[in-house]
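A.B. asks: Start from chain U and add chain A according to the hints.
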Amino acid sequence: MWTICKKELADHFSSTRFLILFCLILMVALVSTYMAAANIRRVLEGVSKPSNVFLLLFTTEGKFFSLVQFIAFFGPLLGIIMGFDAINRERQHRTLAKLVSQPIFRDAVINGKFLAGVITVSIALVSMMLLLTGMGLITVGVVPGWEEIGRLFVYLIVSIAYVSFWLGLAILFSILFRSLATSALAAVALWIFFSFFIGFASDLVADALSPVRNPRDPEEVVPNERLADAVSLVSPAVLYSKATSTILDPYRRSRGSVMIVGLFEKLSMERFQSPLPLDQSILVVWPYLTLLAALTLICFGLSYVIFMRQEIRSA
Amino acid sequence: MAAIIQTENLTRRYGQQVAVDGLTLQINEREIFGFLGPNGAGKTTTILMLLGLTEPTSGSARVLGYDPTRDPLEVKRQVGYLCENVGFYDDLTGRENLRFMAELNHLPEARVTEKVEEALRTVGLDGEGDKLVGAYSRGMRQRLGIAELLIKDPKLLILDEPTLGLDPDGTNKMLDLVHSLSRDRGITVMLSSHQLEQVQRICTRVGIMIKGKLVAVGTIEELAKRKLGEGGGMNLEEIYMRYFKEA
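Chains as they are written, first to last, in the numbering used here: chain U, 80 to 394; chain A, 21 to 267.
Just so you know, the hints here were simulated from the structure itself, not pulled from any lab data. Quick reminder that beta carbons are idealized off the backbone N, C-alpha and C, glycines included. The reader is advised that the hints may include incorrect statements.
[Claimed, not checked] Computed cross-link-like contacts, DSS-like style, restricted to lysine-lysine with a CA-CA straight-line distance of at most 25 Å:
1. Lys193/A - Lys233/A
2. Lys247/A - Lys233/A
3. Lys86/U - Lys151/A
4. Lys245/A - Lys265/A
5. Lys265/A - Lys231/A
6. Lys85/U - Lys151/A
[Claimed, not checked] The following label-pair restraints were derived from C-beta to C-beta distances:
7. Leu194/U - Thr89/A: 26 to 34 Å
8. Arg96/U - Lys233/A: 43 to 51 Å
9. Glu242/A - Lys85/U: 47 to 55 Å
10. His126/A - Phe272/U: 39 to 47 Å
11. Thr44/A - Ala268/U: 46 to 54 Å
12. Lys85/U - Asn192/A: 36 to 44 Å
[As the list claims (entries may be wrong)] Covered by chain U, per the in silico footprint, the following chain A stretches (three or more residues, Cβ under 8 Å):
13. 69-77
14. 117-125
Bound conformation, chain U alone (with noise of 0.2 Å):
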């Protein structure tokens, strides 16, 4: 397996269309970062120290998004790209009967093709988060506490977390089907659907099941907007980025979020109230984190099965 796992390590960090996404990333990443931390620069002047101020850093929005969003957004494309040709490629090259015609485990193959790809994203992220925390103390002039740097660090966990997901979501596809372009779209289409769409399919579902008649009766909107939010949660990039959201902001005491808020005016409620430690905030997306982990295993465990049962023929 690790002999496995050490060849698609050598040829990840070779690949040109893996080097050209992380570029990418980073890029838009330091973009945006410097960009929140600009807005809060201008924010904080004249205003006594708040708490936790690093963490807006990741949080704020610049011009467009925030970093946790963006990440929400593209992460899984970085998942999908190391995944979807994983076993199909080596099909298509006939070198998959002879792969398994060595004296090792069927197993050994996907386990250290998915081994290969969580530690190729664990880089990644965690090299992205270093050199964005670097450019965070230059430009906020702010020293993160104990208590951030462990809020970033379940940040990282989780991050590599999901993007996993994704890259077993895309080691399945590429079992399933023979041809490397229906396996990558077959990801990608997944992948605009949870991402992109999942609010209008859980709003219709929602109207369906509970319609609202009268749209000022809280007697319906209530389980209305109650059943469009737990069916929201299917997919993982809504329980990602719920998940996120709460362990980055303190402050935030429930997983759905009631109001929008600007910048100064979080920073003026927070007056007013206390940050939750990192293991109240951690209990409270606790069911999220569950469900994350469980849609990982039973992606990779459907892999792991039709793999294991499939004829491989070398024609």
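C.D. replies: Below, chain A alone, put in the same frame as chain U:
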């Protein structure tokens, strides 16, 4: 002579279709066994069962004394299998491809380089080891395929169409290579091919498989006597066509 491969009523069905039908076959040590038959006769399926890559529907097989279904790793450790149209990692050099195979075979780090060089020398690719495999000619790729098998010091080689698509010179080199491996290293070879003239040149014994059934097995002389009669010549192609028409 010890039996290297022994199968008893080996059968494999895909749904209604019978791919291999009650195959009983023995291949002995140091033989070069020619495994003949038209496309789709079940040769590849038989080979997959011998390697434990496919489970037989019924019947049993023993390869080097191991049951391939229960002990596939032990079989794969000692059997070199060159599949039809073998593929390589085209973005690696020949040497790197061999190195990867050596590591997959759990060769100790210290022996990898030595083994790789030796295998390259044996197949006559020692000058081209640092070229990317993508730039190899078809003949070179096939020889690299053999080199990959030699890395694990196999007791048995199973070659599926090793000369397919090679030019006459490449074909001859390939056959000479297989012949010398059998003669000098005592490796048993099972070789499937459509090029009967070449099979006749190097094989000690042949088996003919048609529609999943082994219709004939023996030395070429034995088969010639049976089908063409005394003094009927020893042309394998003629023998093969007789069997083919009868089936």
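A.B. asks: Given the hint of 43 to 51 Å, check if Arg96/U and Lys233/A actually sit that far apart at their C-beta atoms.
C.D. replies: holds (49 Å)
A.B. asks: Within 39 to 47 Å or not, the Cβ separation of His126/A and Phe272/U?
C.D. replies: Between His126/A and Phe272/U, where Cβ atoms are some 44 Å apart, the hint holds.
A.B. asks: Mind taking a look at whether chain U covers the region 117-125 of chain A? Criterion is 3 or more residues with CB to CB distance under 8 Å.
C.D. replies: holds (count 5)
A.B. asks: Given the range 26 to 34 Å, decide if the beta-carbon distance of Leu194/U to Thr89/A lies inside it.
C.D. replies: holds (28 Å)
A.B. asks: Do the alpha carbons of Lys247/A and Lys233/A lie within 25 Å of each other, as the hint requires?
C.D. replies: holds (18 Å)
A.B. asks: Mind taking a look at whether chain U covers the region 69-77 of chain A? Criterion is 3 or more residues with CB to CB distance under 8 Å.
C.D. replies: Three-residue rule met by the region 69-77 of chain A, so holds; n is 3.
A.B. asks: For the range 36 to 44 Å, tell me whether the beta carbons of Lys85/U and Asn192/A fit it or not.
C.D. replies: holds (38 Å)
A.B. asks: Against the 25 Å threshold, does the CA-CA distance of Lys245/A and Lys265/A hold or violate the hint?
C.D. replies: Holds, at roughly 18 Å.
A.B. asks: Within 47 to 55 Å or not, the Cβ separation of Glu242/A and Lys85/U?
C.D. replies: holds (51 Å)
A.B. asks: Are the Cα positions of Lys86/U and Lys151/A separated by 25 Å at most?
C.D. replies: Holds: Lys86/U and Lys151/A sit about 18 Å apart, inside 25 Å.
A.B. asks: Straight-line Cα separation of Lys265/A and Lys231/A no greater than 25 Å?
C.D. replies: At roughly 12 Å apart (the allowed maximum being 25 Å), Lys231/A and Lys265/A satisfy the hint.
A.B. asks: Check the following: the C-beta atoms of Thr44/A and Ala268/U are separated by a distance inside 46 to 54 Å.
C.D. replies: For Thr44/A and Ala268/U the Cβ distance comes to about 51 Å; the hint holds.
Violated hint: 1 only; the structure is consistent with all others.
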